[in-house]
Amino acid sequence: MLPEIPLSMVQSGAVVRISQIVGGCDDVKRMAELGLQSGTEVEMLQSGSPCILRVGQSKLCFRQSDILNILVNTDET
Amino acid sequence: MSVDAPAQTLTVALVGNPNTGKSTLFNGLSGIRQKTGNYPGVTVEKKHGTFNHHRQKVNLIDLPGTYSLAPRSPDEMVTVDVLLGRQANEIKPNAVLVIVDASNLERNLYIVSQVKELGLPTIVALNMGDIAADRGITVDAAKLQERLGLPVVVTQANRRGGLEQLRETIISLLEKPATAADSPFPAEFREKVDQLHAQLGKVSPDTPRYLAERLLLDTTGYLEKEMLGGGQDLHNWIVEARQSLAQHGQPIPAIEAISRYKWVQQVLEGVVTREANRRVTLSDRIDKVLTNRIAGTVFFVVIMTLMFQAVFSDLVAGNLMDGIEWIFEQVAGVVDANLADGALKSLLIDGVIAGVGGVLVFLPQICILFFFIAILEDCGYLARAAYLMDRLFSKIGLSGKSFIPLLSSFACAIPGIMAARVIENRRDRLITILVAPLMSCSARMPVYILLTAAFIPDESYLFGLISLQTLVMLSMYILGILAAVGVAFTLRKTILPGETPPFVMELPSYKFPSISGVLSVMVEKAWAFVRRAGTLIFAMTVIVWALSYFPRDEKAAVAPFADEVVQLNADLETANEKEAIAIEERLSEIQNEVDGELLRHSFLGMAGHWIEPAVRPLGWDWRIGSAAIASFPAREVIISTMGVLYNLGGDEDEESQPLRETIKSAKWADTEENVFNIPVALSIMVFFALCAQCAATLAVIKRETNSWRWPIFTFVYMTVLAYVGALVTYQVSALFLLN
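Line order of the protein sequences matches chains A and B.
This note's numbering puts the first sequence at residues 363 to 439.
This note's numbering puts the second sequence at residues 275 to 1013.
For the record, the hints were derived by calculation from the structure and aren't laboratory data.
Glycine included, C-beta positions come from ideal geometry on N, C-alpha and C.
A hint or two may mislead.
In silico EDC-like cross-links for lysine to aspartate or glutamate, where the CA-CA straight-line distance does not exceed 20 Å [to be verified]:
| no. | chain 1 | residue 1 | chain 2 | residue 2 |
| --- | --- | --- | --- | --- |
| 1 | B | 562 | A | 388 |
| 2 | B | 320 | B | 867 |
| 3 | B | 536 | A | 366 |
| 4 | B | 417 | B | 507 |
| 5 | B | 938 | B | 867 |
| 6 | B | 976 | B | 349 |
| 7 | B | 366 | B | 380 |
| 8 | B | 499 | A | 388 |
| 9 | B | 320 | B | 380 |
Computed spacing ranges between beta-carbons, pair by pair [claimed, not checked]:
| no. | chain 1 | residue 1 | chain 2 | residue 2 | range |
| --- | --- | --- | --- | --- | --- |
| 10 | B | 802 | A | 366 | 28 to 34 Å |
| 11 | B | 510 | A | 366 | 34 to 40 Å |
| 12 | B | 476 | A | 426 | 44 to 50 Å |
| 13 | A | 367 | B | 308 | 33 to 39 Å |
If you want a taste of the chain A side facing chain B, the calculated C-beta under 8 Å gives, among others [stated by the list, open to error]:
| no. | residue |
| --- | --- |
| 14 | 365 |
| 15 | 367 |
| 16 | 379 |
| 17 | 395 |
| 18 | 396 |
| 19 | 397 |
| 20 | 411 |
| 21 | 412 |
| 22 | 428 |
| 23 | 430 |
Chain B on its own, in the form it takes in the complex:
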């Protein structure tokens, strides 16, 4: 192509079987220039990327991994619609790049045969040659290219091998016209397709021939409903055509597989050579152990324990968290020293720094969890874990495929819910989405840590191996899991009944995880978390702060103490050291009284008082109630709200004195009775473990299910569950622990 030629944008769609390294190739081709999204109305992830080669810009569309281009559901339909240029808001691709696994060409060429019929210029990326070699399989790429009549480029996506040549080949496609596809189907069948295509053309002239063919092949009735909307005449025609084909020895359900595999066999004749004896690969040997019922389960438990140990241990996460905390303390110190007392200072220190800092402190734990998940996924272990988990999950009406989304939800429900896209079955996916927010995400950790550290005695058992605090924390995680099991089971039996769908999952070969891939996943998730902290949580903190600060009638609050304060300040000037301490103490007491008064009359305080009758049975005072209300949009807000409610106006001590000490000494109004005790702490923790306090999660549920019904349902059921759980926890534990 000449340099002066006008730049024509080229769009290439990537298709291929799952586990062929398609996404790795997409990442390799597009580098950092990519964005992900969702097709409207369905949960098919769309990934767009671009690259420039010889001044030619190429857009890439990464489509979900699929074994076939036979649409049987809205999700599968999207892939076909994109390829045929029928998807709204998506440019019709100029070319298709099919990624095939060199070690498994027999099956991978099935989809190549379908792509060929679309009539688009097609390139085949022959990937994973290393795994093929490992298994004693050699592929003659030149011969394959000749047989397919399509350019074949040998790639090694995980090592970025062959990418330059692939880019070159993609560009060169611009110059070549698309070749007419040769159908692998017998003549009678092709004739019927042509007739049907002609008939469809009368109704909608631009219907592609491929869809006419699929219409004839799809016996599920999905496509017919989708395309014809129940047109009776064409339906009868199709039924008759199928019958007539069956009479000619071409039964519809079987004809596609027979024809395509026959074609595949012809293509591969002499192209693939393999050793007479199948090699036992390292993957096979590892799998012997890791998928074994006993050894595999033990390994699974060990890996999960190590993972959560790393997430919660002080060694890595703890130190990093201390570091982040320290930074925010320094920032708060600088603000404190340089701003005059007043609304702005209060907003910055008690609102912004406390709120956003209180959330960002959990960044290390999120990073560690996603780092582990990304490694396990990349090396191929998560599929084995899903296999092991299927036995358990099938008992509650889910499949092992729900394991990964639910595991991710321990870090954050949002990526977890999005990960549910790997579940093909709609009902399974919906149930997984609905219970994912019950997994104790990292945003609940601040609540657990604050309250266990403050109220659960620091005792250990079994020679210090098990600490009571750890047990309480752990039990909150288990509570979430048990609740999820119960809810999933109930949903299955009530509003989402149906047969258990077929469970099919491929176990990819083990491979060394790619460091860059793992890190990019971690950074992507961490960044999403930071963005959330910087936007939603920031905004919420400011709102909560404002609600607790206004309407501020300082004069009225100070009035009862005005004379005393004047007197004390006068005394202070003449007082000796001992007297001064006593005076300062009294001054600070007055300040707290004033702050308390201000808070009680703030909007948040009023709301808290208003709901107090509802939260009293949970053992909560109005301030806990206010904090719980404030944390409905994002549960992390509770920390800053507690800080505001119990600490505001807490002078210089505020930074040095941890929140846990303050809430420990909080008293019921006008009494010496502590607000917080073990039953109250437990009831708050249970409430937070079960409640849907996350606007972002509900928004994602709305997006993924494309309906308001499910986020509302999730919110209602989780709030009821949380209230009942907290009520039972308080009442029962109070019986045993309080006199």
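Excised from the complex, chain A in its bound form:
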């Protein structure tokens, strides 16, 4: 299994699975409310800052600094 990397490092077009979200309680919960939690599959539609992620059926924009705390597994693509 490859090591975890921050979601912000994922390239456009890649589909990855969130392994964990680290950081402040509130940030983690906000992410969960948006549908991002460990186990969620996300697709990086446009990398960079801001980036566009597909989470479930929705497209969400995040700045790079905001998804540094989201760690993903890269062995699923």
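On the provided structure of chain A, position chain B as indicated by the hints.
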């Protein structure tokens, strides 16, 4: 329900995630019977609507779109307070209508799970089935209803589908008692909540259980501060309860998401089926291009250019504006022909018709701009534009979300400032509000148009593609933008420092804009503008007119010319055609002298003379100074004031001779030197581009920030900026353009 039953008013609150079609559904249900407002003290928009069904009146409260009912800020608290009946001036809802996006139920049911715990009768509107189908997703609504234990109504808000059934279901709720909510949380957690609820009950007996639960879950400390005001004993109890739960494998920050998503999964098991392979939708394909760094940016520039082209071109706006101008000319003509000379006629023609007409003439441009903004918003493009703009905006310490408020401000700062409500972060919202009035709104256009048309040479470059006049106009818009960038950056670095907040924004699927929705937005904004013209600007024009008309000592003004006028009138009777023309000319000259004298001694004239030393370095004479003073409450007033100052008493020629010709030939007192020249025109334009001359905007800033500090701050900084800008513009351009 029997027809004879006493009418009981039912209040239903609408909640749901952003972009689920909630507002469209609200509009569909309530039709035209709605009103919007603000909750006191916070910038949460409140929308109320009503509908009647089988003689039953139902009130609707549309709450802002939210992903969760976890209050972490005063704005989010309002939503929860409304639902719990704790919001002052708001009736406790009898029921909740949750709107969910059928294509995205996993996330949308999260808030359903929270709403269920409020203990209110709840209906779920399953919306956007078309988008789900488009993505190969099918939802078994009957099964969902059974699993949720709540009525589920399939709706298609954009086509008004399912509304009748939804109304029926809402009414039928009257007959059913609310069902007790089943919590998705584990037993240990529920026990702690019950204990906390009991403890809170000792202090304030009517605290809802939901708030006790939130108190335990909210680790930001916001709710604790809000509800307990720093009570130490309960704080310690809560901290201990959290620790004990964590030891039992139920860590507080995670437990809510874990429990609710587990519940969501159970509910959706077998309810939602989707094709094995994700379909690439049309939205996805469009987004590939429109969110691309290069192609997307090119498209953005093209769209913005087209939009402003449509706003400023003669083809649409120009012709409509000519039409409006023509109507006011006709009205003025009728008044002129039917009223005797005197104060009333002067008030009507020079005050009311010139002032209100001068403002209403910009209605077509406002309509066109809002028409475009509404279309772009409705089809989902504005979110992409905000995404593209974020890179730029983040450099000055704002987010892409500020783009929409600032774009709206080009039409009018008032809706722009109100649009800043979409920005969750308080500091971002405040900065956006403070710089929004710098965007060149349509009220500045009259000044730009009048002065460029009169003073900027009609030259073009690049084979007629670029005209100098357009360039000057454009540069005023750019000046406003640059000033906004500078001010935002400075505010961020000085009085409003802080970390850049997380930026999260959802990109909705593209859809065809609804014509009725777009038109209703346009009409709403246009009507607000007309109302403003009819009230504030009307009142200001009358005041300015009165200040320039009184105190009127006609005898004293006429006295020096009395003998000459008598002689000229006598000569006129015997004069031949050629002599008559000369006599008439002299008479009109005298009239202008008299009018000038009257004006110089009017209240406005006195004020103008008083501030002349301050405006001389800007190249202005006392009349421009007076006009600038008069336009502090509303900058549109400058046109009518200029009309009054330079045209009053200007006989029949007034209507046929455009103002620009008159000001072009205005002379400094007792000299042949023109008052207006290019540097003066530029300095006036810069002053108007940067100054906060709009009482309504300042009032909206007061309302949105709930403090007098920010409107005063805005007024001061913009006035200083305007003065310095105009001073530099005049002095520098005079060096190059005047000998």
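Cross-check of the supplied hints:
Distance restraint check for residue 562/B and residue 388/A: the Cα-Cα separation of roughly 32 Å exceeds the 20 Å cut-off, and the hinted pair is therefore not satisfied. Restraint check: the Cα-Cα separation between residue 320/B and residue 867/B comes to about 56 Å, which exceeds 20 Å; the hinted pair is violated. As the CA atoms of residue 536/B and residue 366/A are separated by approximately 25 Å, the hinted pair breaks the 20 Å bound. Proximity of residue 417/B to residue 507/B is assessed by CA-CA distance (about 47 Å); at most 20 Å being required, the pair is judged violated.
Among the hinted pairs, residue 938/B with residue 867/B is consistent with the structure: their alpha-carbon atoms are about 18 Å apart, no more than 20 Å. Taking the CA atoms of residue 976/B and residue 349/B, the gap is near 17 Å; set against the 20 Å cutoff, the hint holds. Between residue 366/B and residue 380/B the CA atoms are separated by roughly 29 Å; this puts the pair beyond 20 Å, and the hint is violated. Restraint check for residue 499/B and residue 388/A: the C-alpha separation of about 16 Å stays at or below 20 Å, so the hint holds.
The suggested pairing of residue 320/B with residue 380/B is violated, with an alpha-carbon distance near 28 Å, which exceeds 20 Å. Between residue 802/B and residue 366/A the beta carbon distance is about 52 Å. The supplied range of 28 to 34 Å is therefore violated. At roughly 37 Å, the beta carbons of residue 510/B and residue 366/A sit within the given window of 34 to 40 Å. Judged by the Cβ atoms, the range 44 to 50 Å given for residue 476/B and residue 426/A holds: they are separated by roughly 48 Å.
The hinted range of 33 to 39 Å is not satisfied by residue 367/A and residue 308/B, whose Cβ atoms lie roughly 49 Å apart. At its closest, the beta carbon of residue 365/A sits 23 Å from a beta carbon of chain B; the interface hint therefore is violated under the 8 Å criterion. Violation of the interface hint for residue 367/A is found here, the shortest Cβ-Cβ separation to chain B being roughly 20 Å, above the 8 Å cut-off. At about 15 Å, the closest approach between the beta carbon of residue 379/A and any beta carbon in chain B exceeds 8 Å, and the interface hint on this residue is violated.
A hinted interface residue such as residue 395/A counts as satisfied when its beta carbon comes closer than 8 Å to some beta carbon of chain B; here the least separation is about 4 Å, so the hint holds. Annotation: residue 396/A was flagged as interfacial toward chain B, and the flag holds, the nearest CB pair being 6 Å apart, inside 8 Å. A cut of 8 Å between beta carbons decides the hint on residue 397/A: the least distance to chain B is about 4 Å, and the hint holds. Interface hint at residue 411/A: satisfied, since its Cβ lies 7 Å from the closest Cβ of chain B, which is below the 8 Å cut-off.
For residue 412/A, the shortest C-beta to C-beta distance to chain B is roughly 5 Å, which falls under 8 Å, so the interface hint holds. Interface hint status for residue 428/A: upheld, as the beta-carbon distance to the closest one in chain B is roughly 4 Å, under 8 Å. At its closest, the beta carbon of residue 430/A sits 11 Å from a beta carbon of chain B; the interface hint therefore is violated under the 8 Å criterion.
Violated hints, in rising order: 1, 2, 3, 4, 7, 9, 10, 13, 14, 15, 16, 23; the structure is consistent with all others.
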